[in-house]
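**Student:** Sequence lines, in order, name chains A and U.
If you want the working numbering, it's the 1-based position in the first sequence plus 33.
If you want the working numbering, it's the 1-based position in the second sequence plus 1204.
Don't read these hints as lab results, they were simulated from the structure.
Yeah, the Cβ is synthetic: ideal placement off N, Cα and C, and Gly gets one too.
Watch out, some of these pointers could steer you wrong.
As the list claims (entries may be wrong) - Per the computed footprint, the stretches of chain U lying under chain A, defined by three or more beta-carbons under 8 Å from a beta-carbon of chain A, are: (1) 1248 to 1256; (2) 1299 to 1308.
As the list claims (entries may be wrong) - Here are some chain U residues pointing at chain A (derived, C-beta under 8 Å): (3) S1290; (4) L1294; (5) G1311.
Unchecked claim - Derived DEER-like restraints, expressed as beta-carbon distance ranges: (6) A:G34 x U:Q1259: 18 to 26 Å; (7) U:R1246 x A:N92: 21 to 29 Å; (8) U:N1267 x A:S47: 41 to 49 Å; (9) A:G111 x U:I1257: 22 to 30 Å; (10) A:T61 x U:K1283: 23 to 31 Å; (11) U:S1288 x A:D88: 20 to 28 Å; (12) U:N1267 x A:G34: 19 to 27 Å; (13) A:G111 x U:H1209: 34 to 42 Å.
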Amino acid sequence: GNSVTQMEGPVTLSEEAFLTINCTYTATGYPSLFWYVQYPGEGLQLLLKATKADDKGSNKGFEATYRKETTSFHLEKGSVQVSDSAVYFCALSAPGGYQKVTFGTGTKLQVIP
Amino acid sequence: SQTIHQWPATLVQPVGSPLSLECTVEGTSNPNLYWYRQAAGRGLQLLFYSVGIGQISSEVPQNLSASRPQDRQFILSSKKLLLSDSGFYLCAWSVGSSNQPQHFGDGTRLSIL
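Bound-form chain A, shown alone (with noise of 0.2 Å):
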């Protein structure tokens, strides 16, 4: 079956540090990537997204790039705020059937000033 893995949280970061959460997947066929972000006491909302190999996804800073030939999509910002503290989540959508999404378990994010 399809799965997703991600780096073990959580990590701590100052304020302005380079930040990268890996993920890596295993899936049939051609999945679409995603990264989504939860905010304490909030639902996840999409951060940015690829659908196909060598797909690069940015959004606020942040960037993945799909790489299939690693099978990975991590997550990558140059510099980090206070704000950005949140949970992570790397999730995949493989084609056909009902748009099931398979997430990663999600990794803590604390930036400190």
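Fit chain U to the known structure of chain A by using the hints.
**Tutor:** For chain U alone, coordinates are given in the frame of chain A:
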């Protein structure tokens, strides 16, 4: 634009009491609808999904049930709550193919006493 509403935001219920959580979507037609549960500090567990009125599929055996009485209304129910039903419940919708994301409500925090 599309919006999703979940209520109540928080709920405290005694063991053995019934449950009804409601989710409605506006601004789209014939969405796929989903109920997830998120245990504290954990990832998302898909409970139910629906591709149309009256069509419900269950992902995990449990004492919860779901119904879709109208196109954009999704209800999560239980006749008798267990302590293990505590958690953060999220409703989501999606349309189109697998390269489209799911969109989440703000969630319901359910505590069982």
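**Student:** Where does the structure disagree with the numbered hints, that is, which hint numbers, in rising order?
**Tutor:** 3, 9, 10 and 11
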